[in-house]
Amino acid sequence: MSYALTEEQQLIQQSAREFTQEYIEPIASEIDHASIHPSAVVQLMAEHDFLGLYLPEEFGGASAGYLSYVLIIEEISRMSGAVASILINHASLAAYCVNRFGTVKQKQAYLPALCSGEKLGAFALTEPGAAPGAGMHKVVAAKEGDNYVLNGRKCYIANGGVADVYVVFALTSPEAGTKGMSAFIVDGNTAGLTVSRTVGKMGLRGCQSAELVFENVIVSSHNLLGSEGVGMKIAQQAQLAASVAEGAQVVGIAQAAMDDAVRYGKERIQFGRPIAAFPAIQTMLAEMATNIYIARLAVYDAASLIERDKPFMKEAAMVKLFTGRIGQSALIDVIQIEGGYGYSQEMIASRFYRDIKGAVINESSADFPEKVIAKDLLA
Amino acid sequence: MSGIWIYSEDSVIAKELLTAGLELKASMGQSVGVITLAGDEQNAFIAAGADKVCILKGQNPWPESYAGAVADVVSKEQASVLLVGGTLRGKDLAANASAALRTGLVTDALTIQYVNNSIETTRLVYGGLAIQTEVISLPAFVTVPPRTYREAPAMTGRQGEVFTVEVDTIASGISISNVCPIIREGADISTANRVVGVGRGFAKREDLAMAEKLAQAIGAEIGCTRGIAEDSHWLPSECYIGISGQKVKAELYIAAGISGQVQHIVGVRDSKIIVAIDTNEKAPIFAAADYGIVGDLYEVLPLLAGAMEGK
Amino acid sequence: MPKVLVCYKWVLDEQDIKINLGDLSLDSSRAKYKISDYDKNAIEEATLLIEAHGGNVDALTFGSDKVKQSLKDALSRGPGSVQWIGDAAFEQADAFVTANVLAAAIRKNGTYDLILCGEGSADSYNQQVAPRLAALLEIPAITFVQKLCMDGSRTIATRKLGDCTEVVEVEGPAVISVLPEINKPRIPSLKQVMAAAKKPSQEIKLVELELSADDIIPKTVSVSVKGYIMNRKNILFKEASHADNVAKLVASLAQEGLC
Numbered sequence: 001m002s003y004a005l006t007e008e009q010q011l012i013q014q015s016a017r018e019f020t021q022e023y024i025e026p027i028a029s030e031i032d033h034a035s036i037h038p039s040a041v042v043q044l045m046a047e048h049d050f051l052g053l054y055l056p057e058e059f060g061g062a063s064a065g066y067l068s069y070v071l072i073i074e075e076i077s078r079m080s081g082a083v084a085s086i087l088i089n090h091a092s093l094a095a096y097c098v099n100r101f102g103t104v105k106q107k108q109a110y111l112p113a114l115c116s117g118e119k120l121g122a123f124a125l126t127e128p129g130a131a132p133g134a135g136m137h138k139v140v141a142a143k144e145g146d147n148y149v150l151n152g153r154k155c156y157i158a159n160g161g162v163a164d165v166y167v168v169f170a171l172t173s174p175e176a177g178t179k180g181m182s183a184f185i186v187d188g189n190t191a192g193l194t195v196s197r198t199v200g201k202m203g204l205r206g207c208q209s210a211e212l213v214f215e216n217v218i219v220s221s222h223n224l225l226g227s228e229g230v231g232m233k234i235a236q237q238a239q240l241a242a243s244v245a246e247g248a249q250v251v252g253i254a255q256a257a258m259d260d261a262v263r264y265g266k267e268r269i270q271f272g273r274p275i276a277a278f279p280a281i282q283t284m285l286a287e288m289a290t291n292i293y294i295a296r297l298a299v300y301d302a303a304s305l306i307e308r309d310k311p312f313m314k315e316a317a318m319v320k321l322f323t324g325r326i327g328q329s330a331l332i333d334v335i336q337i338e339g340g341y342g343y344s345q346e347m348i349a350s351r352f353y354r355d356i357k358g359a360v361i362n363e364s365s366a367d368f369p370e371k372v373i374a375k376d377l378l379a
Numbered sequence: 001m002s003g004i005w006i007y008s009e010d011s012v013i014a015k016e017l018l019t020a021g022l023e024l025k026a027s028m029g030q031s032v033g034v035i036t037l038a039g040d041e042q043n044a045f046i047a048a049g050a051d052k053v054c055i056l057k058g059q060n061p062w063p064e065s066y067a068g069a070v071a072d073v074v075s076k077e078q079a080s081v082l083l084v085g086g087t088l089r090g091k092d093l094a095a096n097a098s099a100a101l102r103t104g105l106v107t108d109a110l111t112i113q114y115v116n117n118s119i120e121t122t123r124l125v126y127g128g129l130a131i132q133t134e135v136i137s138l139p140a141f142v143t144v145p146p147r148t149y150r151e152a153p154a155m156t157g158r159q160g161e162v163f164t165v166e167v168d169t170i171a172s173g174i175s176i177s178n179v180c181p182i183i184r185e186g187a188d189i190s191t192a193n194r195v196v197g198v199g200r201g202f203a204k205r206e207d208l209a210m211a212e213k214l215a216q217a218i219g220a221e222i223g224c225t226r227g228i229a230e231d232s233h234w235l236p237s238e239c240y241i242g243i244s245g246q247k248v249k250a251e252l253y254i255a256a257g258i259s260g261q262v263q264h265i266v267g268v269r270d271s272k273i274i275v276a277i278d279t280n281e282k283a284p285i286f287a288a289a290d291y292g293i294v295g296d297l298y299e300v301l302p303l304l305a306g307a308m309e310g311k
Numbered sequence: 001m002p003k004v005l006v007c008y009k010w011v012l013d014e015q016d017i018k019i020n021l022g023d024l025s026l027d028s029s030r031a032k033y034k035i036s037d038y039d040k041n042a043i044e045e046a047t048l049l050i051e052a053h054g055g056n057v058d059a060l061t062f063g064s065d066k067v068k069q070s071l072k073d074a075l076s077r078g079p080g081s082v083q084w085i086g087d088a089a090f091e092q093a094d095a096f097v098t099a100n101v102l103a104a105a106i107r108k109n110g111t112y113d114l115i116l117c118g119e120g121s122a123d124s125y126n127q128q129v130a131p132r133l134a135a136l137l138e139i140p141a142i143t144f145v146q147k148l149c150m151d152g153s154r155t156i157a158t159r160k161l162g163d164c165t166e167v168v169e170v171e172g173p174a175v176i177s178v179l180p181e182i183n184k185p186r187i188p189s190l191k192q193v194m195a196a197a198k199k200p201s202q203e204i205k206l207v208e209l210e211l212s213a214d215d216i217i218p219k220t221v222s223v224s225v226k227g228y229i230m231n232r233k234n235i236l237f238k239e240a241s242h243a244d245n246v247a248k249l250v251a252s253l254a255q256e257g258l259c
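Protein chains in written order, with our numbering: chain B, 1 to 379; chain E, 1 to 311; chain D, 1 to 259.
If we strip away everything but chain B, and leave its shape as in the complex, we get (with noise of 0.2 angstroms):
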């Protein structure tokens, strides 16, 4: 790795590699297979500051900055994409925008707790018929007092009915469409807030995705991120700052199945020799090692991007861009590679085969990233 770490950085990155061989690698199969939240995990990484490792030291974070964060992401993910993608939604979307758009008051009430993994977070945004940054959404908040009251229903929320603090987006100005969003921190066990079904997904088998009613679920204006009607911002914003998360993600996905299918291609002899020895082998495996190579360029760019406080938001969409296209084109390659071997169900393949489907979709419907991108440079 030629990317200039710090001797900070690569501490974090061997710790978190040490970590996750030793309590990730051994349930990340069965947490696949079975389709449950991994909650003893939750525990350790919430043990080893993993949860709140880029957020503020004063709000019980390790300030250890963003970079530091997409490695550990990046780590978890040769393992585990699943694990990766419930600490995404915690730290990247949920903590998030309360570190970024909370008062010191509200960071007070819930960075702490979101830190020292006594509550996990979600992010609640998309609805039945609204994709996100698509607009279509439903779920109102209608102000009574000094409260605000929900109601309608979210779908796909990841780290639904296991989190603890959903940041979760509705419209307090039904009218004005996506400019009358507003974003607001919502307890889990608030009265009126219901899980109505788990969705069993192709991948990312163990982040549990959840639907949320919302029934007259009634929210203090405390709570209240930032004011009323920047809810838009704050979704793009936190969604992109999750999307180098995701590259991150993608990269170590891709990474690891990158090297399962050297190591296949080595040992798997054919017309007497093994086919890595091919030059169709080798041309995919090359292929492959170029472009994780520069998506983790781009992905570490993106992330001290955030983490100095610059601007992120078209580097971070050219970060999902880019990790999307050639995650996929990886898994198929290595798919590919292996044969029959890595097209069977229990074998890491598949897995990371239906793991990088579903790390490339999420923040990303259409062309969200290309918009961004396109908005930056014609403005």
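Simulated from the structure, these hints should not be mistaken for lab results. It should be emphasised that the depicted structure is a prediction, and the values quoted were computed from it without experimental measurement. Do not take every clue at face value.
Which chain D residues face chain B? A few, computed with CB under 10 angstroms, are given here [unchecked claim]:
no., residue
1, 24
2, 188
3, 190
Glycine included, every Cβ here is placed at the ideal spot set by N, Cα and C.
Chains E and D: place on chain B using the hints.
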């Protein structure tokens, strides 16, 4: 310098070392002596080939406290070689005596030869991955694992010199209590003829019953990997096979659900036939095995136990 | 409150070492270094002791110039400071030299209530340094310890010696070597990893230890290291039907005269 000396707190091991000592005697042309805490074994050592026997006589029952006395004898006799039985007590004593006399010490030698006026040994390094050949300048101290050599057979009519050294070993400030033999639940797997080893492929402790059933069918003892004994605590640590655990020298070793890290393989590779059962065809255990079945031990073990039963 | 020293060795990770099949030489060009596994148990035990009794843990290591890479790793696992001797003499050092160097460094620092080591190192596994250190420092060695307690100035250790256990009590300073079963070393939290950067580390030059030339000339010299290759039959049965596989295995074992 003259004389090959042997020490072990265990007289059986001392007799094994006599075999090594007599080989060196043939190449070095030096006498062989035994330093012992067991005065009643003096004639047995002489019959087995010792030219001299030095009996250490002291009040302290703790073998490690005789390190200084062993060093004194070795020094006074101007020994060129000291072979020490490689029990843990022996290793402790050998290192202590070696530090006192500023000599080299090789731990767990597999072979010992006299070459070009030095002692040349081989031993395992990197967890058993490699064999290192070392040359020790004389006087050379070497510890040898138990059962590396056969006991030297007794011969009739041998004569030897016996002398006794009174040892004052009132060690300051140390007291020993609660010496407690480790009760083995089964036979000692290091001497068992057949062993079934279990590893991480077993999901629950109760599932070990399948391995026990197979062991019963073939008359084997149960051993395990370090993880099963020391992390999961499913089996007592005496069952753990590996470089820092037991060494199995069985005619048949069956590894079930063991991936086969080098540290484990070192503990079984002196076995005659190794059979491996694991789901992962790429697991290193298959490279160390004579026969392997790639498959789920939950399916394979009951079938194998059934097939072996009554054979 | 006890003052504890823990010694560790920075070793090549044997999992990364490959054997060149031609001449059986070892290829460690892709091998990473690690704190020797058994020494991690020693570091953990030292840390547990001071967590229970107060006091402090220092770490000490002797290695090549590469040993500097180990300092923050060691510090993240509990010790409050680390001293290191990085010298080319390490490349040829045997346990005789290593113990001489460590003992000289310890004497330079004054005294410790306890000095902890792993029972052996993951690479050479000589199991000598603890008893040698004790002999050189003229304090007792309690080796192969599976349980360790401190009670004031008394140390109570349970040793495990193959066929028995015994409890050893010692008054005053001692060198302890620990077995891997004594504890499960923690994986440091990321805050501990970051805090390690702020802990003090100090280099000791070999010349400062005023050892005689004889003290650093090894008594055992390595003449070759060759990969250990096993000749096994490597016959794999991997049909879909395990009944067939088992039948074939049983037939093979019958041929071997094993059933």
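Just pull the numbers of the violated hints for me, sorted ascending. Hint 1 is the one this structure does not satisfy, whereas the remaining hints hold.
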